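> Going down the list, the sequences are from chains A and B. Under our numbering, the first residue of the first sequence carries the number 143, and numbering increases by one thereafter. Under our numbering, the first residue of the second sequence carries the number 118, and numbering increases by one thereafter.
Misleading hints may appear alongside valid ones.
[Stated by the list, open to error] Covered stretches of chain A (chain B as the covering partner; in silico rule of three or more C-beta atoms under 8 Å from a C-beta of chain B):
| no. | stretch |
| --- | --- |
| 1 | 162-171 |
| 2 | 183-191 |
| 3 | 239-249 |
[As the list claims (entries may be wrong)] Distance condition first, Cα-Cα at most 27 Å in a straight line; then the derived DSS-like pairs of lysine-lysine:
| no. | chain 1 | residue 1 | chain 2 | residue 2 |
| --- | --- | --- | --- | --- |
| 4 | B | Lys139 | A | Lys213 |
| 5 | A | Lys184 | B | Lys126 |
| 6 | B | Lys139 | B | Lys157 |
For the record, the hints were derived by calculation from the structure and aren't laboratory data. In this text the structure is predicted, and so the values were computed from the model without any measurement. Backbone N, C-alpha and C define an ideal beta-carbon position, used for all residues, glycine too.
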Amino acid sequence: QQQVKQSPQSLIVQKGGIPIINCAYENTAFDYFPWYQQFPGKGPALLIAIRPDVSEKKEGRFTISFNKSAKQFSLHIMDSQPGDSATYFCAASIWTGNQFYFGTGTSLTVIP
Amino acid sequence: DTEVTQTPKHLVMGMTNKKSLKCEQHMGHRAMYWYKQKAKKPPELMFVYSYEKLSINESVPSRFSPECPNSSLLNLHLHALQPEDSALYLCASSQEGQGGETQYFGPGTRLLVL
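Go ahead and model the full structure; you've got the sequences and the hints to work with.
Structure (structure tokens):
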């Protein structure tokens, strides 16, 4: 059973556009929601993360929006660049637990 | 230094071979992980070592055998693999092994089983 649902599977935007990737979860015990970015031939790397006590977190051009009541969270990339082309995975975990549950991934292509 | 290193980068093996994948980190992390990743899929957790003890084994077939010789090293011994085991094998580490920690991933070993 997929603990975290992610959409869309792939996304193509023009440079400067604002791609949005959405994730949803069911387990209300989850209290940590990271996003990982993976370039071809590399391992995933933490991009940004949020805890459910805030509804939004920004780091540079990346913003997470979090809706606790809807059990949904999303990643927005402002002023997207070709260098942002990568696969993005959302994840969820219990802070005191011992593993992540990854979403299915979104392949983002930013066209120059 | 936030680097996790993995060797080899690529590995081709037959179904009767025995090989090992190696992972090393020098961040002082006490939790280390093995993941398997198929193309266009998320990483799937295989094993977790916490303080050099195996704490999670996600029902992985016995042809995969993990080993944690010390807190900086993690090995994955491979024996009698099947073609469907071909994948990218990722190692990761984190501070204590808790769900709220950043996991630092290595670049992976791309394995092809013939």
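> Run through the hints listed earlier and report the numbers of any the structure violates, in increasing order.
Of the numbered hints given earlier, those the structure breaks are 1 and 4, listed in rising order.
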